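Trainee: These protein sequence lines map, in sequence, to chains A and B.
Okay, so the first sequence: first residue is 1 according to the working numbering, each after it adds one.
Okay, so the second sequence: first residue is 1 according to the working numbering, each after it adds one.
Bear in mind the hints are in silico, worked out from the structure with no lab data behind them.
Errors might be hidden in some of the hints.
[To be verified] Quick list of in silico lysine-lysine cross-link-like pairs, BS3-like style, CA-CA up to 30 Å:
1. Lys-77/B <-> Lys-4/A
2. Lys-158/B <-> Lys-77/B
3. Lys-158/B <-> Lys-78/B
4. Lys-301/B <-> Lys-329/B
5. Lys-216/B <-> Lys-348/B
6. Lys-318/B <-> Lys-216/B
7. Lys-216/B <-> Lys-77/B
8. Lys-4/A <-> Lys-158/B
9. Lys-44/A <-> Lys-329/B
10. Lys-78/B <-> Lys-4/A
11. Lys-253/B <-> Lys-4/A
12. Lys-78/B <-> Lys-96/B
13. Lys-301/B <-> Lys-158/B
14. Lys-165/B <-> Lys-78/B
15. Lys-216/B <-> Lys-253/B
Note that the structure is a prediction, hence the values are computed from the model and not measured.
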Amino acid sequence: MRVKLERSGGFANVHRSVTVDAATLAPSRAAELHRLVAAADLGKFPENPTPLAGRPDRFTYQLTVEDGGASHTATVSEDVATEDLQRLVDWLQATAEG
Amino acid sequence: MAQRTHCTAGFDPIACILPPHILRAIIERGTPQQRAWALQTLAVSERIRGRRELLGDIATASAIASAGEQRTVYDVKKGSRLPGTPARSEGNPPTKDAAVNEAYDGAGATYDLYHDVYGRNSIDDRGMPLVSSVHYRVGYDNAFWDGSQMVYGDGDGKIFQRFTKAVDVIGHELTHGVTQYEAGLEYADQAGALNESFSDVFGSLVKQRSLGQTAKQADWLIGAGLFTAAVNGKALRSMAAPGTAYDDPLIGKDPQPADMTHYVQTADDNGGVHINSGIPNRAFYLTAMAIGGNAWEKAGKVWYVTLRDRLRPKSDFKGAATLTVAVAKELFGARSTVARAVSDGWAKVGVL
Ligand SMILES: [Zn+2]
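Extracted from the complex, chain A is given alone in its bound form:
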């Protein structure tokens, strides 16, 4: 499983992109990634949400999960992100930055 996070918007509007590949992780960390992805339930967020007026200075997260040939992308504004999705985002950033 490979998970890519692209972060845009925010006060700074500086784009950040991180990719974490479960194959490069220790087994316990890879299992953690699988758990976090399952909990985030990305399937319920559309890839291209209807553009709406946003909230000031919030991030937009685009998450792409590739697993066994299948791929799903979800685009989520920070102000509607669930706590489970935020946990995945925080984990990906912390893991990618070592």
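Assemble chain B with the ligand onto chain A, guided by the hints.
Mentor: Same frame as chain A, now just chain B with the ligand:
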């Protein structure tokens, strides 16, 4: 269930659930924190209803409104549940935590600009308590206004330092609150870029006034000091020269255009609200430089009155330009230096 029909997407759902008479009871009998919360909620509900009289007969409310600035800084302790634990309240001495003190002082400097120069009593012009939360999440690279309070991250330490380090960031976030209560500019496309630009303008004016700098002495940078030493950049945005604030292998180049011929059409960033804001930002800079002296006195006054009385949720650049020129003429005279400076400023960036 008449209350429910007033509920609008984007507002705190609690405001839609509690009817005004219960909010009024809380304002009269609650703890200071409950009262402050109820007062805010009621003010937002009133705004939705387009009515101001709901609060009019409440003695307690006006007592709160006349109490002057009321700052509270909370510590979220790297969590996400807002506002967190109180860390410093109005009149308390500094703490050992720099982020707490910066949020407190920055909120004060912003309150003072609006109050002393423009006669405004806080975000809602009714003495709304200024609530700030610091240490939000872990390594959080952002600051934002959530509709009722300010929130600051500590930065990841690799690209960004803590967001309270720059006083203009604090002025920027509080101004999102002012805009919410006044013009209500939509946060997308040109209206969104104006929303961003007004936040940068008053953020920069907070900084200039607290440093005692004239327009010519000011650096006109937004977020100077937020980048770590590892980043090749002096700030996040430059109002004087949009597009020149940073150029770095890791984060790329400052994407802001300096005039309408370079306007960026994009679906990202709510239609480029932090990108195309460079155009009105530079119009303000050019106006202030042409007038000279302290930018907050004349140019700032024109922009403030326009934000408070004239702009509408869907205003665009041209609309804002026309309105600022009209306000400048009313305030300073049709043939005044100020009115001329405003129209020249917008003309140089290709809007008028
Ligand atoms: Zn902003």
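Trainee: Tell me the hint numbers this structure goes against, listed in increasing order.
Mentor: 7, 9 and 13
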